[in-house]
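K.L.:
Take a look at the letters that make up each chain.
4 protein chains.
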Amino acid sequence: MIIHLNSQLHNDQLENLALEHKAVWFRSGETPVFVLPAAIKSLPDALQAHTTAHWPMESDIQLASRSYRSQVREVRWGNTTIGGQSNNTVVIAGPCSAESTDQLKVTAELLTDLGIKNIRAGAFKPRTSPYTFQGLGIEGLKMLAEVREKYGLTVVTEVRDATHVDAILEYADVIQIGSKSMYDHGILRRCGKANKPVLLKRGFGSTLQEFVQCAEFILSGGNEQVMLCERGIRTFETKTRFTLDLCGVAYLKEHTNLPVILDPSHAMGYAYGVADLARACVAMGVDGLLVEVHPTPKTALSDASQQLNHQEFRQLMSTLNPIAAAVGRTLV
Amino acid sequence: MIIHLNSQLHNDQLENLALEHKAVWFRSGETPVFVLPAAIKSLPDALQAHTTAHWPMESDIQLASRSYRSQVREVRWGNTTIGGQSNNTVVIAGPCSAESTDQLKVTAELLTDLGIKNIRAGAFKPRTSPYTFQGLGIEGLKMLAEVREKYGLTVVTEVRDATHVDAILEYADVIQIGSKSMYDHGILRRCGKANKPVLLKRGFGSTLQEFVQCAEFILSGGNEQVMLCERGIRTFETKTRFTLDLCGVAYLKEHTNLPVILDPSHAMGYAYGVADLARACVAMGVDGLLVEVHPTPKTALSDASQQLNHQEFRQLMSTLNPIAAAVGRTLV
Amino acid sequence: MIIHLNSQLHNDQLENLALEHKAVWFRSGETPVFVLPAAIKSLPDALQAHTTAHWPMESDIQLASRSYRSQVREVRWGNTTIGGQSNNTVVIAGPCSAESTDQLKVTAELLTDLGIKNIRAGAFKPRTSPYTFQGLGIEGLKMLAEVREKYGLTVVTEVRDATHVDAILEYADVIQIGSKSMYDHGILRRCGKANKPVLLKRGFGSTLQEFVQCAEFILSGGNEQVMLCERGIRTFETKTRFTLDLCGVAYLKEHTNLPVILDPSHAMGYAYGVADLARACVAMGVDGLLVEVHPTPKTALSDASQQLNHQEFRQLMSTLNPIAAAVGRTLV
Amino acid sequence: MIIHLNSQLHNDQLENLALEHKAVWFRSGETPVFVLPAAIKSLPDALQAHTTAHWPMESDIQLASRSYRSQVREVRWGNTTIGGQSNNTVVIAGPCSAESTDQLKVTAELLTDLGIKNIRAGAFKPRTSPYTFQGLGIEGLKMLAEVREKYGLTVVTEVRDATHVDAILEYADVIQIGSKSMYDHGILRRCGKANKPVLLKRGFGSTLQEFVQCAEFILSGGNEQVMLCERGIRTFETKTRFTLDLCGVAYLKEHTNLPVILDPSHAMGYAYGVADLARACVAMGVDGLLVEVHPTPKTALSDASQQLNHQEFRQLMSTLNPIAAAVGRTLV
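Going down the list, the protein sequences come from chains A, B, C and D.
Per the working numbering, residue 1 is the first one in the first sequence, and the count goes up by one each step.
Per the working numbering, residue 1001 is the first one in the second sequence, and the count goes up by one each step.
Per the working numbering, residue 2001 is the first one in the third sequence, and the count goes up by one each step.
Per the working numbering, residue 3001 is the first one in the fourth sequence, and the count goes up by one each step.
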């Protein structure tokens, strides 16, 4: 159950009430918001005097639910706005890993040329083997900061585990929580206290219910700038790296109030299918697209097979606008 | 390995050669085609004198492979052509089950009004419970024939098991092999000898490799009019009925020479997501779309939750043409 | 809902009542049994006068449910009895495919020597490629009949599709319905009218609910001799061929009244794991075990990698008895 | 490739060589061990003079591979030894969550009475909803320490994320890395530097390859005391919570040198199946068993449905010894 309380209440009063009712709470603007487990269906008597509105909920998808907020939440950073009244579909592109300042500059020039405002690149890579490239770490973050400065791009980059979440919060414009870290309470709770937008990727073995509930950790921490990213789930099919779950996207659009971003590159795992899938994603009317592009994919230090080269990416971008227009969206 | 032999050879000569080499064979037009297991990598000496061309293959995706035929095969029936040089995307629509002549006529009028030439409806339903509606059987096929006659539509309907494949072959314009029957050798072999197009649905628990290999049973029987239909695979996600595998569609488009048809209705299982998914499918540049539409979905005898009503379907159709145009396709 | 009616009612009376109430019906011994969809929760008034007992049910797992019959049903053929009061665990062993009379005789001698009474071997193989060995068909069935005659073994063999179900019914002692044919209505309905036990394998992409509902097709046809066989489901893990679902077996034992047989060979796909898994299966306290054994696995015409050789099989058998004893079962 | 180097080399020499060859390195006892990516198949010339032995490897399952060490590694803590020459199967039991000192004492008395030496209980719970019980945190760890002191039990408890890994290392005898944290580099790297055994649970959406590669992070950090825990994977089947992957266990036993522990409680999710599954696990001949037991499961603050009560647990334990004996193992 979500409860809006009287905004005159002081924080220590709220803290006491929350403790008493085992509520998670935060302020949304001025409004104190309490969240009780969904199993509680009627407003506790002791809270009635303080309550301005309340919403009994069906499951622990609460703050993210359309039953609570009927419109998609607006999320803003730098010059980018998605959700809300915007009808914008943001394109976020760049290499899998930050490998060098030169590599990032070449990418930044491509993006700038195409009117794309957001660059992505990983500095802390959640690799599955300890014996391969693990990312450049802080050094990679500094390279990204340099490119942001020079090209006026905003930066989306991934936090791998709770040991460096503060560094990511310092350098990134949007904090990406990767698929393998979706459940990481250390990251989720820290991001709940951050004032930057969070792009939460779905765990590839996670249900939609679990995915949105992880977003609830951030939302209920008081950070309401959360975007959901579907990037492919693991199925029995192995001809492709993962299976992009567009049925799940239809579910998220219908039932949640969070912007939805799609990552066809990780889902497919092979460059040849990315353009077709990206077009499908845009036709779904989603709020954003995350695409991996690399100056020379074959020499990439990670995810070599799935990154588009610059020519393939330019060609893709040229086909996306008419599809976006057909579904009433604008690429930004 | 696929081998084209000299077309002058008589059938009994071919039969003997095939027996000797454990080849599956048929005539494609005049050309005798032998198929040996993919494990055989070099042309058998005894066949060299008779061979006009041959293709060593990587796996038992052979006749369906782009390595054998670099273009998508053309498939034609009634007034419909897909694949080949056509750039057509066929829309096939109608109720899950044939329930009455009236129901089919109302549907047929909707389709005719929208310029759609193909009606779908099941007469033999592969239900999972013996205690629910099992379809009208032959009676349902007769209703479909009546509608075909009256409205000039062509009919796509499903064979459930090998006991009634001849009846389906008599009444249908396109034989649909359902997801649960994909492996049915009785059906596949019979369809390999038929002269009507076959729409083969992917088993929801089947890999792409197995799916295309089932198409090989039909192709190697001599029926080269085969379409592949992706309709959702079973994954751990249960908020939606199945998971539409568009990564798999990208694979099929890249590696096979068969037209690809998509069925968003069965994948989603809920009407609310079908329109978004249908738009995504068309944006993928596929050869066809199978959509369930029912005059009054709530009273449908099967799949009540996933069928669009007429208004929803009209609205969907009005949005598909600009997307098709954006990817160079024409809806038929 | 399951309804037992007055046994004095004539078949034509029952037929009329069944039509009127859309019931599936059969006689269990003398007792007429009606089954209505589980959605019907109260006994129809018009049936009350004829009803001797009735069971409202939660789902369309009805005749197979423990709510209907609290004990495991007894299934008998030849000298074998499982379920009921027996505490027997039957071992059914043999090669994947019947390849020759000699091969079957060698196997039969092994089995006889070990006190095993049931031989398995496939004559109609549901292969996924048309270009590999498809089984010996009727010829294979005749070989099996010869071995039965000579060694006094009973024969378990698989029906692939509805085109040859009568042949299987003629030659087999137990009809095995394979994983790929689990949904085959042609086979299920025919087996429902047969008077031989049926071993129904779970589709590798099928839920437990669907699996048991397919058994309901046979049971509600009047054949109450049905065994459920778990043989591995398809998951994302590909190091092994399938994933043996022993959690599912625990579910079946708790909720259904049908004997449960396990097939570790197909689940594992590799000989090295079969013995460990077979021991685990016996420790689960199941009603039977299906193991593939071949005189020379490396030369087998199908499933070469998963068949045990004779020495491995003998060694396995020597370890099973103490485990069976520890859980109060007897191997037969 | 794994390389053993001359033990006379100083750490700074080794550090330089490792940097030069992009090797991960540690000392196993005195022996310096380098690990290069498996893609490297021949010993680098510059290392030959320093090399005492080397093993080219097929995949990045390297230190954990049977190709490197043909015997299962011994792991020891408190009075417990598994692996190596021991043939021991350790039983680790206790409630899902530490809830109170009283609850833990009651459990400890049960375990002591049954001769069980290891208690499990979670203090930091990786819940999927922010609105339910999250564990007692440090307070829970202190309760566990108190119970260890009083009853002489050793404690297995879970680290949830990298923010409290040092606390867990201080209080636990065995550090459990939970399923949702399997990929957590912060935890894995810290545990690689720890001198306590680590029980690594398989991510429920993770392949066996990824699972063992996560163990490689710990092993290559220099901590060779790693145990693998299979606890059920996520599949399409939802009648049970997860699917215990015993085929995967057979794979791990064949291909890796790490002890294997099984957790039937989390796999099943329902108390009714846990005993049958536990017996199956012991019959597989594994190195350990993790079972959830709670004084009053219905009032448990987490995982209420899957915990055995004391009577059920006693009954289970009484049946495990004969099975263990039948497969040559001793329960400890």
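Honestly, the hints are just simulated from the structure, not real lab data.
Quantities reported herein were computed from a predicted structural model and do not represent experimental measurements.
Ideal Cβ positions, reconstructed from N, Cα and C, are used throughout, including at glycine.
Treat the hints with caution; some may be incorrect.
Unchecked claim - Non-contacting residues of chain B with respect to chain D, defined by C-beta distances greater than 12 Å in every case (computed):
| no. | residue |
| --- | --- |
| 1 | His-1004 |
| 2 | Leu-1019 |
| 3 | Ser-1067 |
| 4 | Lys-1105 |
| 5 | Gly-1205 |
| 6 | Gly-1222 |
| 7 | Ile-1233 |
| 8 | Arg-1234 |
Claimed, not checked - Label pairs and their in silico Cβ distance ranges:
| no. | chain 1 | residue 1 | chain 2 | residue 2 | range |
| --- | --- | --- | --- | --- | --- |
| 9 | C | Glu-2074 | B | Leu-1043 | 38 to 44 Å |
| 10 | D | Gly-3222 | C | Gly-2328 | 46 to 52 Å |
| 11 | A | Glu-139 | D | Gly-3115 | 30 to 36 Å |
K.L.:
So, for every hint listed, does it hold in this structure?
P.N.:
Evaluation of the provided hints:
The claim that His-1004/B lies off the interface holds: its Cβ sits roughly 40 Å from the closest Cβ of chain D, which is beyond the 12 Å cut-off. Non-interface status of Leu-1019/B relative to chain D is upheld: no Cβ of that chain comes within 12 Å, the nearest being about 39 Å off. Against the 12 Å criterion, Ser-1067/B stays outside the reach of chain D, whose nearest CB is about 28 Å from its own CB. Separation of Lys-1105/B from chain D is adequate, the least Cβ-Cβ distance of about 39 Å exceeding the 12 Å criterion.
Interface exclusion of Gly-1205/B from chain D breaks down, the closest Cβ pair being 8 Å apart, not more than 12 Å. No Cβ of chain D comes within 12 Å of the Cβ of Gly-1222/B; the nearest lies about 36 Å off, and the non-interface call holds. With a least beta-carbon separation of about 9 Å from chain D, Ile-1233/B fails to lie farther than 12 Å from that chain, contradicting its non-interface assignment. Some Cβ of chain D comes within 12 Å of the Cβ of Arg-1234/B; the nearest lies about 5 Å off, and the non-interface call is violated.
Glu-2074/C and Leu-1043/B have their C-beta atoms about 58 Å apart, which leaves the hinted 38 to 44 Å range violated. Distance hint check: the CB atoms of Gly-3222/D and Gly-2328/C are about 48 Å apart, consistent with the given range 46 to 52 Å. At roughly 54 Å, the beta-carbon separation of Glu-139/A and Gly-3115/D lies outside the given 30 to 36 Å, and the hint is violated.
Of the numbered hints listed earlier, those contradicted by the structure are 5, 7, 8, 9 and 11.
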